[in-house]
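Colleague: Sequence:
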Amino acid sequence: MECAGVEASKDFDGLTNEELLTEYQKTGGLSLKQELVMRYVYIVRSIAIQMRDVYVSFAQIEDIVNEGVLVIMSALDKFDPEKNVKFETYISKRIKGMVIDMARKQDWIPRSVRKNARDIDEVTTKLYNELGRYPTPEEIAGHLNMSLEKYQEAQRKTTLFNVLSLDLVLDDGGESKKTVYLPSKNENEQPELNCLKKEAGEVLAEGIRSLKENEQMVISLYYVEELNMKQIAEVMSISEPRVSQIHANAVKKLKTYLNKEYGEENR
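If you're matching positions, the sequence shown starts at 1 in the working numbering and goes up one per residue.
There could be a bad hint or two in this list.
Computed beta-carbon distance windows for the label pairs [claimed, not checked]:
| id | residue 1 | residue 2 | range |
| --- | --- | --- | --- |
| 1 | Q25 | L70 | 16 to 26 Å |
| 2 | M38 | R242 | 52 to 62 Å |
| 3 | T125 | Q34 | 23 to 33 Å |
| 4 | T22 | G142 | 51 to 61 Å |
| 5 | M73 | K126 | 42 to 52 Å |
| 6 | N129 | S46 | 34 to 44 Å |
| 7 | L148 | R118 | 17 to 27 Å |
| 8 | E82 | E130 | 26 to 36 Å |
| 9 | E153 | P81 | 40 to 50 Å |
| 10 | D121 | K86 | 28 to 38 Å |
List time: in silico DSS-like cross-link candidates among lysine-lysine, alpha-carbon distance up to 27 Å [what the hints assert, rightly or not]:
| id | residue 1 | residue 2 |
| --- | --- | --- |
| 11 | K83 | K26 |
| 12 | K105 | K115 |
| 13 | K115 | K126 |
| 14 | K86 | K255 |
| 15 | K78 | K212 |
| 16 | K93 | K33 |
Bear in mind the hints are in silico, worked out from the structure with no lab data behind them.
By construction, the Cβ of each residue, glycine as well, lies at the ideal position given by its N, Cα and C atoms.
Work out the full structure, taking the sequences as your base and the hints as a guide.
Modeller: This is how it looks when you write it as structure tokens:
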């Protein structure tokens, strides 16, 4: 005998997503779950399009959508409305985490992108020191012997690399040398690039605020001020091994924070 209620009638048209989700959490009905997946699959498609450069070398949009559907199905069973987080936000983080995980496993970043990342960083730093201000895209492109269009394309891919590098550097235990993944102050960057950086920067900033004061200082001095361990030791009046220890602890905490933010089931 079929149970009474929404699941029995299969009449979902008059219900909001929130009402359906509440009903699913009460009954666990398969039809409700299928309807919810159909309603939220647009988020997967949107993220798949937004992050296409991450996986274009090894997957198609439909591959990402299929994996994303599995993420939604898992999230429906794990979502806790008591935490005051919207379900859309909850699954968005987990879908992005899934795409990043796929990229990490595939080592998606081409050598050319890695080289461009280094070249752009070096030229930007060099020009900044010479000019006393952030250089314009035209100035950077000129020093790289690139057309403005090629520079902008390289910068777009490099920005994506920088955003993902936050996750990669922390996953490696922070042993990799400093990568430019912190939000840039360069006002000449294209708005869409700043948008990508803003999201990663906000997540990182939240994690850093959760650290102890001395851990925050070491992270700031090392990644923002770009001091080495010896210089940081002098600034903080502590030993160099102690700086390394504080840095390692901070990186470990940030990695744990990111895993939580992007969903532990995707790790």
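Colleague: The structure should be examined with respect to each hint, and the outcome stated for every one.
Modeller: Outcome of the hint check:
no.	hint	verdict
1	Q25 <-> L70: 16 to 26 Å	holds, 19 Å
2	M38 <-> R242: 52 to 62 Å	holds, 55 Å
3	T125 <-> Q34: 23 to 33 Å	violated, 53 Å
4	T22 <-> G142: 51 to 61 Å	holds, 58 Å
5	M73 <-> K126: 42 to 52 Å	holds, 50 Å
6	N129 <-> S46: 34 to 44 Å	holds, 40 Å
7	L148 <-> R118: 17 to 27 Å	holds, 20 Å
8	E82 <-> E130: 26 to 36 Å	violated, 55 Å
9	E153 <-> P81: 40 to 50 Å	holds, 42 Å
10	D121 <-> K86: 28 to 38 Å	holds, 36 Å
11	K83 <-> K26	holds, 17 Å
12	K105 <-> K115	holds, 20 Å
13	K115 <-> K126	holds, 16 Å
14	K86 <-> K255	holds, 23 Å
15	K78 <-> K212	violated, 30 Å
16	K93 <-> K33	holds, 20 Å
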